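> Sequence:
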Amino acid sequence: MDAVTPDIRLVAVDMDGTLLDGDGNVPEPLWEMLPRLAERGVSFVPASGRQLATLRATFGEAADAMTFIAENGAYVVRAGVEVASDALDPEVVARAVRHLRSLAAEGYDLGVVVCGKRSAYIERTDEAFRLEASTYYAALEAVDDVLAIDDDVLKIAVYDFAVAEDSVGRALDDIARTHRVVVSGRHWVDIMNPGVDKGVALRRLQDALEVTPAQTAAFGDYLNDLEMLDAAHWSYAMANAHPEVAARARHRAPSNTEHGVLTTLETLLAEA
Numbered sequence: 000m001d002a003v004t005p006d007i008r009l010v011a012v013d014m015d016g017t018l019l020d021g022d023g024n025v026p027e028p029l030w031e032m033l034p035r036l037a038e039r040g041v042s043f044v045p046a047s048g049r050q051l052a053t054l055r056a057t058f059g060e061a062a063d064a065m066t067f068i069a070e071n072g073a074y075v076v077r078a079g080v081e082v083a084s085d086a087l088d089p090e091v092v093a094r095a096v097r098h099l100r101s102l103a104a105e106g107y108d109l110g111v112v113v114c115g116k117r118s119a120y121i122e123r124t125d126e127a128f129r130l131e132a133s134t135y136y137a138a139l140e141a142v143d144d145v146l147a148i149d150d151d152v153l154k155i156a157v158y159d160f161a162v163a164e165d166s167v168g169r170a171l172d173d174i175a176r177t178h179r180v181v182v183s184g185r186h187w188v189d190i191m192n193p194g195v196d197k198g199v200a201l202r203r204l205q206d207a208l209e210v211t212p213a214q215t216a217a218f219g220d221y222l223n224d225l226e227m228l229d230a231a232h233w234s235y236a237m238a239n240a241h242p243e244v245a246a247r248a249r250h251r252a253p254s255n256t257e258h259g260v261l262t263t264l265e266t267l268l269a270e271a
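Quick note: the sequence shown, position 68, residue 67 per numbering that gives the first Met the number 0, numbers continuous.
If you're looking for bench data, these hints aren't it; they were derived computationally from the structure.
Since the structure is predicted, the reported quantities are computational estimates derived from the model, not experimental observations.
You can trust all of the hints, since none of them are fake.
In silico DMTMM-like cross-links for lysine to aspartate or glutamate, where the CA-CA straight-line distance does not exceed 20 Å:
1) Lys-116 / Asp-143
2) Lys-116 / Asp-150
3) Lys-116 / Asp-88
4) Lys-116 / Asp-85
5) Lys-116 / Glu-90
6) Lys-116 / Asp-151
7) Lys-116 / Glu-81
8) Lys-116 / Asp-144
9) Lys-116 / Asp-149
10) Lys-116 / Glu-140
11) Lys-116 / Asp-63
Distance ranges between label pairs, derived from CB positions:
12) Ala-238 / Asp-150: 36 to 46 Å
13) Ala-213 / Ala-147: 44 to 54 Å
14) Arg-129 / Arg-185: 16 to 26 Å
15) Arg-185 / Pro-28: 19 to 29 Å
16) Thr-262 / Ala-147: 43 to 53 Å
17) Ala-61 / Thr-134: 18 to 28 Å
18) Ala-238 / Ala-147: 39 to 49 Å
Think of the CB as a built atom: it goes at the ideal place given N, C-alpha and C, for glycine as much as any other residue.
Using the sequences and the hints, build the whole thing.
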């Protein structure tokens, strides 16, 4: 632990593999912790590749007063009011979707989720893919053509039934030359505008809240969390984190199955 006494005012927390337990649920002790954090002037911010609707559903009644970094940083909302968003150009969306359709035709076993502000949209509708998509997208519509939707597209998410880092993640080099392509989970790859990530979103939020990196704690486990960890002095890789995340963070936290975020926050608050 740093010799500096923590003065935490902002906590940014990834969801899957970080805050959520092994069954994908919010640990029960968090509900008691949230009002204590608020009383101490600490903003607790879920930062996820999940859509806003899914995050709001996860946090229920508490969501109205919360701040969320959704869609891997492409959408930041505070107490129901948009702080920042970064939509993809429709031509870029069309180019990416057509490329992904061609990869599927070549034999890649993948499904595409076009993530808009109002909803997420899919063309592939078999049960196996829908089950994976619905886990992360509470507002999900099946459409004949995802390129015909009328919505601001924040992100394109690709589910690869193989290991994404070794499969479809390697087949998006052309898109990666101009846009951000990040492996966000074992089976997920996200396509976003250049300069969009959880770290950029967190820095925007720090500016809005007048909070410094030294007053910020961040917790993550996967590659899409790297920039968020860079934006926080109190950066924590979970015990179950990807090796690159473990190498980048300043500190370690117990695994998500051990409620590592909560136990670490209790220690930080006790030291403050």
